[in-house]
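J.: Sequence:
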Amino acid sequence: MTIEKNLTSAGNPILIAAATPKDLIEHCESLNAQLKSDEAADAFQSLTTLTRYVEIPKNVARMGFVAESPKEMASLLKRGLDALKKNPKETSWELRQGVYYRREGVDDNAKVVALFPGQGSQYVGMGQDLLDVLPGLVEARDLMDELFQKDGHSPLSEIMYPDETGDKAVKKEQEALLTLTEHAQPSIGVFSFGLFKALQSVGIDFAATAGHSFGELTALWAAGIFSDADYCFLAKSRGRAMAALDEPDFDTGSMLAVKADVAEVQAEAANFPDITVANLNSNKQAVLAGPKKAVLDAQAKLKEKGYSVVLLPVSAAFHTSLVGHAQKPFADALQSVSFQDAECDVYSNSTGTEYPSDSEAMKSILSDHILNPVLFKNEIEKIYDAGGRVFVECGPKPVLSNLVADILEGKPHVTVALNASPKQGSHRQLINALTHLKLLGLELDLDD
Numbered sequence: 002m003t004i005e006k007n008l009t010s011a012g013n014p015i016l017i018a019a020a021t022p023k024d025l026i027e028h029c030e031s032l033n034a035q036l037k038s039d040e041a042a043d044a045f046q047s048l049t050t051l052t053r054y055v056e057i058p059k060n061v062a063r064m065g066f067v068a069e070s071p072k073e074m075a076s077l078l079k080r081g082l083d084a085l086k087k088n089p090k091e092t093s094w095e096l097r098q099g100v101y102y103r104r105e106g107v108d109d110n111a112k113v114v115a116l117f118p119g120q121g122s123q124y125v126g127m128g129q130d131l132l133d134v135l136p137g138l139v140e141a142r143d144l145m146d147e148l149f150q151k152d153g154h155s156p157l158s159e160i161m162y163p164d165e166t167g168d169k170a171v172k173k174e175q176e177a178l179l180t181l182t183e184h185a186q187p188s189i190g191v192f193s194f195g196l197f198k199a200l201q202s203v204g205i206d207f208a209a210t211a212g213h214s215f216g217e218l219t220a221l222w223a224a225g226i227f228s229d230a231d232y233c234f235l236a237k238s239r240g241r242a243m244a245a246l247d248e249p250d251f252d253t254g255s256m257l258a259v260k261a262d263v264a265e266v267q268a269e270a271a272n273f274p275d276i277t278v279a280n281l282n283s284n285k286q287a288v289l290a291g292p293k294k295a296v297l298d299a300q301a302k303l304k305e306k307g308y309s310v311v312l313l314p315v316s317a318a319f320h321t322s323l324v325g326h327a328q329k330p331f332a333d334a335l336q337s338v339s340f341q342d343a344e345c346d347v348y349s350n351s352t353g354t355e356y357p358s359d360s361e362a363m364k365s366i367l368s369d370h371i372l373n374p375v376l377f378k379n380e381i382e383k384i385y386d387a388g389g390r391v392f393v394e395c396g397p398k399p400v401l402s403n404l405v406a407d408i409l410e411g412k413p414h415v416t417v418a419l420n421a422s423p424k425q426g427s428h429r430q431l432i433n434a435l436t437h438l439k440l441l442g443l444e445l446d447l448d449d
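Note that the sequence shown ends on residue 449 in this note's numbering; no numbers are left out.
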């Protein structure tokens, strides 16, 4: 079942373009009048059809949004028209209702980058309404379920998509089950897999891929280094290897996000001997990790000093020695799969630079990846230096999009999260993101 056949079930992409902002205002006013007349249905149908097939020239003004009906189109068009009249000289903006505007498309040399999140972004039911429209999501779900059942476990899909319930206690149990490392990592992998396959189906050409923590494995797959089956095997293997040991006194550790200048956070971390800086996420966020008691102590003391601190919903202190038990099992899993030549650049958390092309060197970096700090800030800066300007996040939440916005603050770039809110339907959000990407000037085939 193609995306095109299902667009109307969650909304239709609508793009409106004209030579100048002034011309766009006049065009929108004309459309607004049509939507208040007997021509409303025809105007809606005409625009939804044109949007799928027509490419917008780079140097013209454009506005875009998603609407399910002429009535919704009229409402969003009015919001966009009001904003355009108020800010006619702005080069770009977006409204919280999902209306986008640009004076012109992105530069022809702007490279498109796919980003893949790590553990902590998962939520129960993520992407469930896409199972009927994205064959790639179904493919990944089935591959992962088969791997889980082969090992004598229940299908992962039963944990990702449990029966709906109004019981808060049951919901909490479902969320806790999904948060376990052995479930969280492969489930995020399944969802990211499905979203990236959707982007491939509409013809987006990526110059580079990158991920955060677990997401780096997905980035390598998206670059063509692993087959679909090998990727699902590695995603499951990594989650299983990093799961807490079945020992009553084993401390899996915790992770604490701190919002402050990263150099300042690094200096504060030196005051806690059992704590390490596990992630350098952005200019204003770092993650500390270590034994649970030490992390709670750091949380309390940093909060007293006025820092914004948040315990992360993860089951271990990743990228520290506390997950050292996972290194060998995952390294062994890597030896059992084939590494192919990359189809685009892939960037590493561990080095902050591109992966080498040699497969043995890649295995070496990836084998120790779970023990080494995540240098996400560094790699995004490297990607930007190499021409990366459009960052597309393929995952359950806009975690990486927010980090990139902080890292590249003040520099020309665009971030697009395919699933920006767990409180909204994933189908509608995907169509909205595709509309935004086409508005940027990317060549998308929304008929496929």
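Calculated directly from the structure, the hints in this document are not laboratory data. Worth double-checking, as some hints may not be accurate.
Stated by the list, open to error - The list that follows gives simulated cross-link-like pairs (lysine-lysine, DSSO-like), each with its CA atoms no further than 27 Å apart: (1) Lys329 <-> Lys260; (2) Lys79 <-> Lys90; (3) Lys112 <-> Lys383.
J.: Against this structure, judge whether each hint is valid.
T.: Outcome of the hint check:
1. Lys329 <-> Lys260: Violated - the C-alpha atoms of Lys260 and Lys329 are around 33 Å apart, more than 27 Å.
2. Lys79 <-> Lys90: Given that 27 Å is the threshold and the Cα spacing comes to 18 Å, the pair holds.
3. Lys112 <-> Lys383: holds (13 Å)
Figure legend: structure checked against the earlier numbered hints; the only hint not met is number 1.
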